[in-house]
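Work out the full structure, taking the sequences as your base and the hints as a guide.
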Amino acid sequence: MKLLKDISLFISAFVPMFVLILVKLVVDIINSNLTFNILNTINLITLIFLILTGAVALFYCKRNKESITKITILSAQNITDKHFLGYFSLFVLFALQLDLSLISEYCAFVLIMIFIAIVYIKNSLYYINPLLNLLGFNFYDVQYSKENDKTIYEAKIFYKGSLDTNQTYYANIKNKNWTFINKKQ
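The C-terminal position of the sequence shown is numbered 189 in my numbering, with every residue numbered one higher than the one before it.
Bear in mind the hints are in silico, worked out from the structure with no lab data behind them.
All figures in this text were calculated on a predicted structure; none of them were measured in a lab.
Treat the hints loosely; a few may be bogus.
To be verified - Heads up, simulated DSBU-like pairs for lysine-lysine below, C-alpha to C-alpha not over 30 Å straight-line:
#1 86 with 160
#2 154 with 74
#3 154 with 28
#4 6 with 160
Stated by the list, open to error - Here are the simulated distance ranges between beta carbons:
#5 43 with 67: 34 to 42 Å
#6 59 with 156: 43 to 51 Å
#7 67 with 147: 52 to 60 Å
By construction, the Cβ of each residue, glycine as well, lies at the ideal position given by its N, Cα and C atoms.
In structure tokens form, the structure reads like this:
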């Protein structure tokens, strides 16, 4: 189940790029630059599927409240922008440069996405998620304590807005690589 959630976060990170590619493909078809053939139909269906999968999976991860924990933020560092420009270059490369109407470039696109997925998931790069950033979330590296527990824990947390230190929040802590804070107390 953890791998499925990790893959879902990976797909959600690329939803804005998939939307750009979909728009490019649809505009090219409308302007008669491309025709409806098998590959373009597969592209359209795949892009729509990935966009919906990423959005639904992200919504599920955000709304899943199976283990809400009351935490106090001891320190918080916003790390949203650390790797964003490098990630943005991937958007430009894929959305503008690849011609996915060619089988060779479509295969290259799929292989590159698989390689990126392996690196993304293996290295827990969940904070590189432009969709969450576009939706107003920031990604924080935090130290926190749980209610009635003096132990100091570390986690990477998505939060819409800015986190205040020495404040109490409700979080869905599943692992130290990523979680969402649902609301402030």
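Is the distance from the Cβ of residue 67 to the Cβ of residue 147 consistent with 52 to 60 Å?
violated, 26 Å
Distance restraint between residue 86 and residue 160, which requires alpha-carbon spacing of 30 Å or less
With a Cα-Cα distance of about 13 Å, the restraint between residue 86 and residue 160 holds, given a limit of 30 Å.
Hint says 43 to 51 Å; check whether the CB-CB distance for residue 59 and residue 156 agrees.
violated, 35 Å
Would you mind confirming whether the straight-line C-alpha gap from residue 6 to residue 160 stays at or under 30 Å?
holds, 16 Å
Keeping to a limit of 30 Å between CA atoms, is the pair of residue 154 and residue 74 held or broken?
Holds, at roughly 13 Å.
Between residue 43 and residue 67, does the beta-carbon spacing fit 34 to 42 Å?
Since the Cβ atoms of residue 43 and residue 67 sit about 36 Å apart, the hinted range of 34 to 42 Å holds.
Need the status of pair residue 154, residue 28: alpha-carbon distance at most 30 Å?
Between residue 154 and residue 28 the Cα gap is close to 53 Å, so the pair fails against 30 Å, i.e. violated.
Violated hints, in rising order: 3, 6 and 7; the structure is consistent with all others.
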